[in-house]
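Visitor: Make a model of the complete structure from these sequences and hints.
Residue 77 in the numbering used here sits at position 77 of the sequence shown, with consecutive numbering throughout.
One thing to keep in mind: the hints can contain errors.
What the hints assert, rightly or not - Listed next, the in silico DSS-like pairs over lysine-lysine satisfying Cα-Cα at most 30 Å (straight line):
#1 K129 x K92
#2 K271 x K198
#3 K92 x K224
#4 K271 x K102
#5 K92 x K102
#6 K198 x K177
#7 K177 x K271
#8 K270 x K224
To be verified - Computed beta-carbon distance windows for the label pairs:
#9 Q117 x F179: 25 to 35 Å
#10 R182 x R145: 46 to 56 Å
#11 D152 x E173: 21 to 31 Å
#12 E121 x R145: 19 to 29 Å
#13 C170 x N262: 38 to 48 Å
#14 I263 x F210: 19 to 29 Å
#15 E97 x K224: 18 to 28 Å
#16 R182 x S136: 22 to 32 Å
#17 W147 x P195: 44 to 54 Å
Rather than coming from a laboratory, the hints here were simulated on the basis of the structure. Even for Gly, the Cβ is constructed at its ideal location relative to N, Cα and C.
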Amino acid sequence: MAKPSKHSLHSRNIQLAMKRLLNKDLQHETESSLESDEDEMKINEDSSDTLTLWGREIGALSDLDLFCGDNRGGKRIAEFYDVYPEIELAAKSYSIERCANKSADFTALDLAIFIDQNYYELINTTKDKNTNLIRSVPSCRLDLRRWGARFDSNSKRPYFEGHERVDVVCERENFVKYFLDRTDQYNTVSDDENPLWKTSTQNPPSILIFHDESTFRSGEVSAKRWLFGDSAPFFSKGRGRSVMFSDYLVMHPSGPFFTLDNIEYDQALKKYPELTNIDDDVN
Numbered sequence: 001m002a003k004p005s006k007h008s009l010h011s012r013n014i015q016l017a018m019k020r021l022l023n024k025d026l027q028h029e030t031e032s033s034l035e036s037d038e039d040e041m042k043i044n045e046d047s048s049d050t051l052t053l054w055g056r057e058i059g060a061l062s063d064l065d066l067f068c069g070d071n072r073g074g075k076r077i078a079e080f081y082d083v084y085p086e087i088e089l090a091a092k093s094y095s096i097e098r099c100a101n102k103s104a105d106f107t108a109l110d111l112a113i114f115i116d117q118n119y120y121e122l123i124n125t126t127k128d129k130n131t132n133l134i135r136s137v138p139s140c141r142l143d144l145r146r147w148g149a150r151f152d153s154n155s156k157r158p159y160f161e162g163h164e165r166v167d168v169v170c171e172r173e174n175f176v177k178y179f180l181d182r183t184d185q186y187n188t189v190s191d192d193e194n195p196l197w198k199t200s201t202q203n204p205p206s207i208l209i210f211h212d213e214s215t216f217r218s219g220e221v222s223a224k225r226w227l228f229g230d231s232a233p234f235f236s237k238g239r240g241r242s243v244m245f246s247d248y249l250v251m252h253p254s255g256p257f258f259t260l261d262n263i264e265y266d267q268a269l270k271k272y273p274e275l276t277n278i279d280d281d282v283n
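Guide: Put into structure tokens, the structure is as follows:
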């Protein structure tokens, strides 16, 4: 077995001295004050002598490799952004721009791909398709947090332009109140753990029809998103290409479909005679 070097022995002595100091500190309550003071003075003397000798030898040798080999000196290797500060600046600007967009589709993977592309453009090299990203996705998450970003709830969801107007809000409240004041005129569902149907008590009952008209873009709604600062942008659904789905549902125990008896159908024909021109099976 190789004989340990003199410098390694000095490092070991320092570790032993620190260990003795900690042990004595834990036993301080059970020992007399005089004995503890004497022991600490002896330990401090040994520690200071060892440190002084080790420091003089390192200074005389000017051996930086030995200094780093003992795991001292803090940061010992250059980080990615230390070598490529221009990539960090571009990546931070890219992140702020993407987080300011109304769509909540920015991820740490997007940042990792952006950094990867900029890196190979900077070194003017074609990337091998089997090579990993130059900066991993977890590292990019840490970058975002270090730059001041946070991954928080996406509370400002999409909306239609005009829904926030005072007159629209007032009409919407009146519309909802009309139905809340007449819950005994149509079938409802109880708000319980096991919901049950509550049939109408008025005669004739009213038919409550829901019209669900959803307009959205794929992937526009996300529970959380990356944010810079204290505010998140709204996503306006009033412009641009979108897809609309319309659906009619009837609040009735029989499900989404309902039927009319002969008397009800005759009454419907009197009010809506155009129903006779419909060829589909309508009950």
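Visitor: Please go over all the hints and tell whether each is borne out by the structure.
Guide: Checked hints:
{"no.": "1", "hint": "K129 x K92", "in the structure": "25 Å, holds"}
{"no.": "2", "hint": "K271 x K198", "in the structure": "29 Å, holds"}
{"no.": "3", "hint": "K92 x K224", "in the structure": "20 Å, holds"}
{"no.": "4", "hint": "K271 x K102", "in the structure": "47 Å, violated"}
{"no.": "5", "hint": "K92 x K102", "in the structure": "18 Å, holds"}
{"no.": "6", "hint": "K198 x K177", "in the structure": "19 Å, holds"}
{"no.": "7", "hint": "K177 x K271", "in the structure": "27 Å, holds"}
{"no.": "8", "hint": "K270 x K224", "in the structure": "53 Å, violated"}
{"no.": "9", "hint": "Q117 x F179: 25 to 35 Å", "in the structure": "54 Å, violated"}
{"no.": "10", "hint": "R182 x R145: 46 to 56 Å", "in the structure": "52 Å, holds"}
{"no.": "11", "hint": "D152 x E173: 21 to 31 Å", "in the structure": "30 Å, holds"}
{"no.": "12", "hint": "E121 x R145: 19 to 29 Å", "in the structure": "26 Å, holds"}
{"no.": "13", "hint": "C170 x N262: 38 to 48 Å", "in the structure": "43 Å, holds"}
{"no.": "14", "hint": "I263 x F210: 19 to 29 Å", "in the structure": "26 Å, holds"}
{"no.": "15", "hint": "E97 x K224: 18 to 28 Å", "in the structure": "19 Å, holds"}
{"no.": "16", "hint": "R182 x S136: 22 to 32 Å", "in the structure": "59 Å, violated"}
{"no.": "17", "hint": "W147 x P195: 44 to 54 Å", "in the structure": "47 Å, holds"}
Hint compliance for this structure: hints 4, 8, 9, 16 are not met, and every other hint is.
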